[in-house]
Structures are given as C-alpha cells and as structure tokens.
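Please take these sequences and the hints and turn them into a complete structure.
So you can see what is in the structure, the chains are spelled out below.
4 protein chains.
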Amino acid sequence: MIIIMKAGSSPDQVKTITDHLEGLGYIIHKSEGVERTIIGAVGAPNLDKTEAAEQLRAYDWVEEVIFVSRPYKFVAKEYKPERTVIDVRGIKIGGTAVAVMAGPCTVESEEQVMKTAEAVSRAGARFLRGGAYKPSTSPYSFHGLGEPGLDILQTAASQFDMRVVTEVMDVRKVEIVAAKSDVLQIGTRNMQNYDLLREVGQAKVPVMLKRGMSAKYEEWLLAAEYIATHGNPNIILCERGIRTFETYTRNTLDLAAVPVLRGLTHLPVVIDPSHGTGRRELVGPMCLAAVAAGADGIMVEVHPNPDHAVKDGAQSVTLEQFASFTPQVAAVARAVGRSL
Amino acid sequence: MIIIMKAGSSPDQVKTITDHLEGLGYIIHKSEGVERTIIGAVGAPNLDKTEAAEQLRAYDWVEEVIFVSRPYKFVAKEYKPERTVIDVRGIKIGGTAVAVMAGPCTVESEEQVMKTAEAVSRAGARFLRGGAYKPSTSPYSFHGLGEPGLDILQTAASQFDMRVVTEVMDVRKVEIVAAKSDVLQIGTRNMQNYDLLREVGQAKVPVMLKRGMSAKYEEWLLAAEYIATHGNPNIILCERGIRTFETYTRNTLDLAAVPVLRGLTHLPVVIDPSHGTGRRELVGPMCLAAVAAGADGIMVEVHPNPDHAVKDGAQSVTLEQFASFTPQVAAVARAVGRSL
Amino acid sequence: MIIIMKAGSSPDQVKTITDHLEGLGYIIHKSEGVERTIIGAVGAPNLDKTEAAEQLRAYDWVEEVIFVSRPYKFVAKEYKPERTVIDVRGIKIGGTAVAVMAGPCTVESEEQVMKTAEAVSRAGARFLRGGAYKPSTSPYSFHGLGEPGLDILQTAASQFDMRVVTEVMDVRKVEIVAAKSDVLQIGTRNMQNYDLLREVGQAKVPVMLKRGMSAKYEEWLLAAEYIATHGNPNIILCERGIRTFETYTRNTLDLAAVPVLRGLTHLPVVIDPSHGTGRRELVGPMCLAAVAAGADGIMVEVHPNPDHAVKDGAQSVTLEQFASFTPQVAAVARAVGRSL
Amino acid sequence: MIIIMKAGSSPDQVKTITDHLEGLGYIIHKSEGVERTIIGAVGAPNLDKTEAAEQLRAYDWVEEVIFVSRPYKFVAKEYKPERTVIDVRGIKIGGTAVAVMAGPCTVESEEQVMKTAEAVSRAGARFLRGGAYKPSTSPYSFHGLGEPGLDILQTAASQFDMRVVTEVMDVRKVEIVAAKSDVLQIGTRNMQNYDLLREVGQAKVPVMLKRGMSAKYEEWLLAAEYIATHGNPNIILCERGIRTFETYTRNTLDLAAVPVLRGLTHLPVVIDPSHGTGRRELVGPMCLAAVAAGADGIMVEVHPNPDHAVKDGAQSVTLEQFASFTPQVAAVARAVGRSL
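Protein chains in written order, with numbering that gives the first Met the number 0: chain A, 0 to 339; chain B, 0 to 339; chain C, 0 to 339; chain D, 0 to 339.
Take the hints with a grain of salt, since some may be wrong.
[Said to hold, decoys possible] Below 35 Å or equal to it, Euclidean Cα-Cα: the simulated DSBU-like pairs (lysine-lysine) are:
1) A:Lys76 to C:Lys172
2) D:Lys76 to B:Lys5
3) B:Lys76 to D:Lys5
None of these hints come from the bench; they were simulated from the model.
What follows is the structure, given as structure tokens:
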C-alpha cells in the first residue's frame, strides 16, 4: 500500500499515519519529496487491506491511498498459472474447443425448445441455454415458467446430448436449479447479489457469472472470488455488454475483456453478443470477433420464430441464421488455432 | 404504440404487422409517407405492452417501436396527483419538513452508534441510518454485525426518539429486519433483485429504494412498481450517484433526479451525498444543493472517528462537521419554503 | 512519481528503471516488498513529467506509474491561494455576488435580443448570452448570423448595461469576436481544440471555458492551463452537464463540480442548467441547487417565444418563467451568504 | 416526424401543433388514442427537420418528437448502395483487402520513422501513420515537430512505397498538411470542430475521421456529412474507443461499430486498437477481432523502442511484435474472405 500525503503535511501528521500503519503490522518506508511525503507500507499479510485503506483515506491530510496487490486471490492468474478447463459432464469449457451455447431467451413451450435444441445442436452447439426464471425490468412482464421450464430444458438437452445453462435469481431456488441443470447462470443484475454468490459458491455445478452492466473488471473478479471462497472453483466469466452513452445498440460489447481477463485470471471467458448488442444483425459478426479475440465460448439467443418470442426477439437469430454463421465461426476458430 | 416500418417495406410486410397488432387487440392507424409507413396502435388495455413491443421489434422490416404510455402505473404521478407523504411512526417523509437521516455506514459497536445518534439527533436528524448487513465488493471485507447490529440501532434510536433506516439484502432476512427497523433500505446493487423487491413489497414497513448505479429513471420507477404491485405503497426513492467516466468523485450525484422525479411520480425523493460523492468535503455543499433542488430528505454518513471507521471513512463527516452544516441546510430549506 | 514494478521483476529490470529515472534527473527511493518493488522518484523540477511517465509505463515490467503532483500549475489553488475575481468592465465574477447570465441560445433578430435583454436585465441578469456563431451537430442546421449577430448583442447589451458572453469557434474569428464582446465562450466541443485555446489565451478579454461533455476535471483544468500559459489569467469555468447513460435529460448536470473545483482551483465556476438538463422545467430547480452548492454564476437560456426558437427551444425558459424564479435564486443566495 | 402529445392535451393545443406543422409544409395524420393524440407529419422535403423538431419540442404540451428519417444524406447507405472504395494513390481502402496502417504515435526523428517504416512495410503495412502536429492534454507536453515532421513522413513513405496518414488540427494548416500527405486524419477531440470539417471537406485528399470519444454513431455520421457536403466524398471512419466507466483500458473499443456502420453507411471503417485499449498486450487480439468483425482496416501504433517513445509508449507495439501478429491477422482475414 502506498500513502501519498497532501502537500504541506506536518511531520506530526506524517507520524500519525506511520503510527497507524505500524499499529496494523505494516513495515514502513518513507520518501520525503520537496512537496510531499510518500509512505510505502509492506507486510501485514493477514490484514483486510480494503478496510485498512479505507481508514487511511479518511484522514484529512492523506491525498491518496494506492493498492499495489490485487484484491482477489483464488481467481487471479498468479494463484494458478495454468488456465482452468471446466468439465461439464464430459464437455469442456476453456480448452482448445470454443464452447457454443445457444437457445431461446425464455422457455416458452416444449415444442419451441425441442425445435431449437435440435437445430442448434446440429449446427454445433453443445450447450442449451434458456430461461425458466426470468428477470424482467417490468413487474408486468412474463417471469418464466419456473420449474416446468427446467424440466423442458432437461428433456431437450438430454435428447440432443447437450448441457443446460440456465439462470438462478433467488437464493431459495439454487438447490432446485442446480439439481436440474448443468451450469448455473448468474445474471448481470445479480452480479453483486452477494447472498446469491455465496449460495452458488456451495453448489456442486459450475457457475457462469455474467458481468454487471456497469461493473469494472476488478469488481467482476471480486464477485467471482465470492463464489470461489465459498468452495466452487468452476466459474465461467461471461461478458454481455456494458452500459454506455451509445443507445443504438442495447449495450456496448466490450471484447477487450477477453485478452484483459486472459492477463488477470485463469478462468474461461464466454461472450454473449445477443445482449451485448441487442440487434440480430450484429450477432454473427460479433461471434466471429469474439472467437478471433480468444474467447472460450459464445452464447447466442436463437428462436424458431423471433417475431413471436416472448422476450428478446429483436436480438434473437433464427434457426437458419444460426446455422448459416456457425461455419464462419468455425473458420475463424481454425485461423486462431482453435476448433468449435 | 407506434411502429415505424423500414424504408421500402412492401404492402405485404405492412400487412403482417397490422395483422399482428390487430391479433393482439389493437386499433390501427396507418400513415403512409413518401419514404416509409408509420403505424399507430391504440387500445388493448390489458396487454403486456413490453412483451408486445419486443415481438414487433423482432420483425426484420420494423425500424423502431416506440412506447407512448409510461410502463409503470401505481408509482406514476398520473395515478395519484397528490404527493405521497409517508408516516414513519409519527415522523413524516414527503411533507414540508425535509427529513434528515444520519448515522454510520456500518454498525461497529453500541458505543459508536450511541454517540453518533446523540450528536446527530441534537443537530436535527430524526432518522438513524446504519448497516447491520453490509454489501461489500470484496469477500474479505467486514459484512456487518447482523442481528446484534439491528438491536444496537433499535436501542439507540429509541433512546433519542429516532427512526431506524437499515439495509436488507437477503430475502430470508426481510422478516427479521422489518421487525427491528422502521424503514427497509434496498441498496444500489439490489435495485433489480426482483425477488427481494417482491418480499419487501409484502412487508409492513416503508421501503427506501436506492437507485441502481447505472439505472435509468424509468428502470428505477419500474423497480418501485414491483414493490407497489406487491402491496407496499410506502416507497421512498433515494438518489445516491450514478456511475460515469469521472473518477475523482466516487459517483456522479444526479441532482436533476429531484425535479425529474417530481414530474414523473408522487413518491418522495431523498438524496445521499455521501455515496454520491465519496468525499467528505463535498457532502455539506451537496446537502445544501439537494434541499434547494427540492429533495424531501438527505441521508448522510456520520462517524465519531472516520479515520477508524470500518467502511466509508473518507466519505463520513465527523459529528462536529455534521453539526456545523445542518444550520446552513436549515437556512436553505427556509429559503425554498421548507423546514428541517 | 511512483513506479510500481510487476511482481517478480528481476533486480536487473529494477535497475533499468532506476537508471532511466536517474538519467532524467530524478532522486530515487526504493521500497522492496515481499511481492514487488516500489520506486519513488522525486526532483527533476524542469522535466515534462507526463512524457516521462509515458516512457516508464512502456516498460513491460512496470505495473503502474502514479503521479503525485498535479499536472497543472497556474490554475491550481496552490499557485494562488486567494480566489480569482474577474472584472468584466466593472461587473465582477467570482466575488460575493452570483453572476446571472441569460439570453437566447441563438441570436435570431434584433427584436428578439432586445426584448430578451430588457426582460432578463430587469430580473437581475447582468450578462447577456447569445450565439452569433453556432456549433450544430448537423450541417443542415442554422449556423448563426455571424458578425451582424455580434452587433445585435452589443447594441442590446449597451442599452441595458449588460456584458456580452458569446461563443467563438474558429481561430480566425477570435480577433473580431473579442473586439465585439466581453467574454469569449469556448464551447463543450472545443474544450480540447488546442489551437483555439492558444488564440484565446492571447486575447485581452476573459474566457469562459465550458467543460467537454466527457472531460474529467483534470482535463478541464489542463485546458484552462493552456489559456493561462498563453497569457490570459481571466478564465471562468462553466459546467454544462456530462454525457452519461441517462437519456431522459440531455446531459447529467454534475453539480459536485462546484465544490470539487473550489478545492482544486482559484478560478470561478458558473453552472449552465439549460444544456445541463435540456428540459425547461428543470432549469429553475437546478439554478437554486447550483447557487446553494456555491456556484459563482448561472447561465440560462431564455427566449421570448421558445416554440419558435431556432434552437434549444425545449430547454429555453420564457421571459416570465425567468422572472419568476430569479427571486427564489436570490433567496437561496442570501441563505448561503451571497447575493445576486 | 411523429409528435406525441402529452396525456390530456386539449383539442386547441393539438390544433396549435397541427397548424405549426402545416405552416412548415407538412402533411398531417392524426391518431387519437384513449390517453393521448399522436400526430404523424410527412412531406416538407426541403425543410431543416432538426430545427423544426426543436421548435415542436419546445411546446409545453408536446411529450416527444421522434425523427423517422436519418438526419444525414450523402453518407447514408440509402444514398449509395454500393460500398465506397477509396483510392489512395493506387492503394485501396474499402475493397477486399484489409488496409494495414502502422507507425509511431509521434514523429521524433528521421531515423525512428525510417526504421519503423521499413519494418512495418515488410510486415504488410501499406500506410504509414505518424503525428507531426500532436494534440496533448497538457500544455507542457511535446506538440510535434510540425512541418519538418511531415517531410520525414514523406521521405520514409516514398522510400517504402507507403501512403502517409497524419493528423491536422488547425484550419490554417490544412493546406500544407494536405500537400504533404495522402490521408488527412481528424482526431477524436476535433470530430465536432466544424470549421475544420469544412476545410478538409474542401481538400483534395481523403479524410480519416476518428470517432469522438463520446460521440454516438449518428453524431459521427453527421460529422462525416459536414465533410461530404463541402465536396469531399472520400471519407474513412475510424473507431478508436469510447469513454466509459471502465478505466483499466484507456478507452472501450466498440467493435460493434463495424457491423453497425455497415448497415448505416457506405463508407469504409478502420479500427485503431492502440488508442482503443491503451495497452500493448491487447493490440494484437483486438486487431484479429476487428478483421473478423469486418473492418476495412486496422491502424496500429508501432515504435522501435516504446520505452523511449515521446508519447503512447504503453500502447505501442515493438517492430518485432507487429511482425509477429500480422500473419495471424492475415489468417483471420482469409477466414472471412478478405486479404491483407
């Protein structure tokens, strides 16, 4: 930790800070510049440094407190140099193969899901996504079929040898959703729902953690750290667009997240261009770009009849569109040394 | 609802849309311009219009779908022309008096809370804020004292005739927190935790709903609508800063929210300049500005010794600082026809 | 300057950095922590530190380079402890009195400007704002009357003893605009038009520098520093809203800028709630809030007939509305120890 | 144009609006819903619609005014269905080949530029970028060599059969820069410097227009429209990252801009991952992603010795790094049916 004193701090004020630091177990190095004093503090390995930093920031004569080490541990690249490969009942995420996840936004009926699963699995998708419990901005919108929706997903996935990825929102539902699916999805609105993170941290299935729509990388990784510290190391990060001033697209898909996270964490990264753009015609090009950037997977909303989808029709591609761009995705994957 | 067709749509494509709309129960008006056709759709009062709009957006030849009516109802100004005044066991929020809420970020000890409550109540605060359950970006930070923290708040509030405002995060804790406090706070990270909104919608105490750090006004009001539709009309909106590119302040406090919400809703609005700025020296000026803009209350983090606060020390004012700016707040309140 | 080395940097790598720093004239302090080394560098007073920092950041084994001193000098509070009061031909900005600037967005006709000037001066405005050269997002919009517009402003201002504030955009027009007005306004789109900043830095009249719509405080102050280093110390900063994800308002008015700038600079700060909100009904409340927060002035778009204004009608208040809220502004000013 | 009246508008108020519209030459269609009236206005082909809309928005009883047609014309896809291919003295931008632009941020010396040009041309770059006039946030930074810098670029480009891309900032310098380079670059800070856009609109060489760091797509295309209306149809759009809340990267590179612009305009699109990310290790992956998304070119900052670069060292790749990732870029280009 580095503490920068305000210009003109008195020796007494500097001493208050160094005393405070030494009281916490830190070893101190002082640099006295012409204008101001800088204090380097090392050691104190077992201290909650976030808390310590907040206290130091509270002194009126402290200009700034700078963290040197990363605030997360288990999810950091330094903790585990080899990249994490997650085995979802025999299908891997994070290895050479790019995971393709596809399916409807919302489970509407068995027929809809079956038809979609058949088509997307034929086109190369090994993961079936679909919502049985749906977060909705409006209380008047459809909130999902609930448990029967989970059953429909399971039936379809099992028929086409796919794995189910589905969202859980309520801490009281983690058990049932974990029992009936393969990957628990934490949605963007719940990235900092810490009680939920703790619960899925105790689940036996992998978790896909979507980035909060205004979350910084570090906050996202700290949310993953919550899951990891509660015992679940099988975490997939999913970039789904961030909120910016641009409104033509639903969100701004931050593809730099792929190489950034490669440098910060050993966890696999999946891209969701459907929510990331909100526009069907942009989904294909963004899938290609995601794979070229090094993503470990793509997740795409597909619907047999988007014009009659209950939700997200504008960003859902048709079965035909999905089938038409997956070969291009495969070609780009090969160009960067991966496969589908 | 207005549907703008893409330039060059064929009569058949227009008909698909008008058929779709009529199938949903809408009455149609068509405007055929030189370049494109515009369809106005009115009626269909019982339809979920969000869903209907999403379906229409999904047609390839639809350029844009525009909502005309507001998507929320109970919280809209049109629903209830007189402004809502919330009675918190005899102390009102939303009337002529500006509600002053103050207290520590986190309940640390009985002594800390007692000392703070005494000082802030003497300076005019009628509401005691403090966290017993704390959301923390890092899993390694302090998460609050829990239930014993609630007891400390109750004891202090009762001694100084204050009302308790405290956060609830976990749906399983709503009952206990409601039993031991006067106003349930929903934090910024949980503004779209819909299961939690439903639970507090069934609670018997008022709810203070903080704005999500990247929530638009409409999304915020829709979150309030969740609470209202579940039976709880006693909702206070709290602006606490939004996330922008500016990093000198912790957030950007959006004071225009005060007159904006006055125009959209009958619910009272409280301003939190502590989180809104993250810097102690900005809290006083922003309290004055909030009251001048017409806020129904201010909520301020106060700590007897910010340098040793567990959390948020940099944005907490001391007991003395709080006492020194409340008279100025009162003067501005009088200047705009209010009182403290 | 503080240089944080990446974890695991070798002694040789550390030496490369300390040699580089010493080559630039710095004096070095090294802190060797368990995980990484931190280098403090002081001295080298005549060096361009931005450039030096960029070079150091470019080394692969440098994690971060942190500036300790502020990159601006003449506009910093430390450079000149007393606050700057600007004398605009006898009318002051930055003293006890709050400067009121009002007028139409665009100069349309002599009649329009005369009528407006008469009304706003009667209501207390001493500065007449109005655009003769208008920046327009679209090439097809009106770009202002040009020089004849300047003459209209001068005539009206002289009749009602007001001072003229008007925008200059083109470096080739600085001379003529300076000759025919009292304060040169630099618009939000030109805040980083460095050639223009240099030109107005050589002008003999004060400059009002609007914040760029996505400019951080530091960038804004560096833009002011450009003007100051070219010889013009009479700079007024104008906050006019920043661009965020919220679209209900045209921009998000950042009122915290007022106390923030009070802490960083000696220059006066004016608030423009018309562009800051884009909605007429929000202008009055935001004027009150601005003055309560400590602003040195407010700038308001006023039009005798906003429904027929060439530009910005939706955010222009009528002459009557302006006259109706200025007494409230005066009341708030008195409450905080100022006057109009 | 569609005008949505506020709920409860009187027939007289509606008539004021329809009269206003008819006075402007519009043909009117009225839809009277239960709650409110909607007015569709078509025709009036020669009217400045931005201005007309602003006037209508200014009526108190108008809820919203919605544009139906795009506000730009010459740069719209509808105006020119085939994609624009720009011929830069025999080298094309916008065709099948992906244009590779590379070079130092700033021209420092002939040796530096020669060495860079040799290496990047060998690796496949046909355009040499480099700054002779540099915008700098700080007045104390280096502002470029000026005209001698242009000469160095010309000499190097001519030796390796490259074309020069270089920035012009000052309207008074357009002529000289156009005489000594092949493509005039308008930087992000000058995207809305309308006088400059007009000047380059009259130049005889192509213009590369960088996106403003907080510009929406429509504003960017309107800036291009300025250039086009002044006579220069040879415009290249360059996405270079937008400003968001994420600070780990210098900007957020918006790769969705590539397919978005493909849908809106016939102009070619180039991606600048150096400014878009600000971090050398992200440049390679983002080049791959850009080409996969369909970009017509990439522009990369390259320096023989980034640790001693005057500017942007942290985002500059070395000559070796550039040479090592261009074959991968070529492989991705082939995968999507393009070449380098």
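Hints versus structure:
no.: 1; hint: A:Lys76 to C:Lys172; verdict: violated, 56 Å
no.: 2; hint: D:Lys76 to B:Lys5; verdict: holds, 13 Å
no.: 3; hint: B:Lys76 to D:Lys5; verdict: holds, 13 Å
Checked against the numbered hints above, the structure breaks only hint 1 and satisfies the rest.
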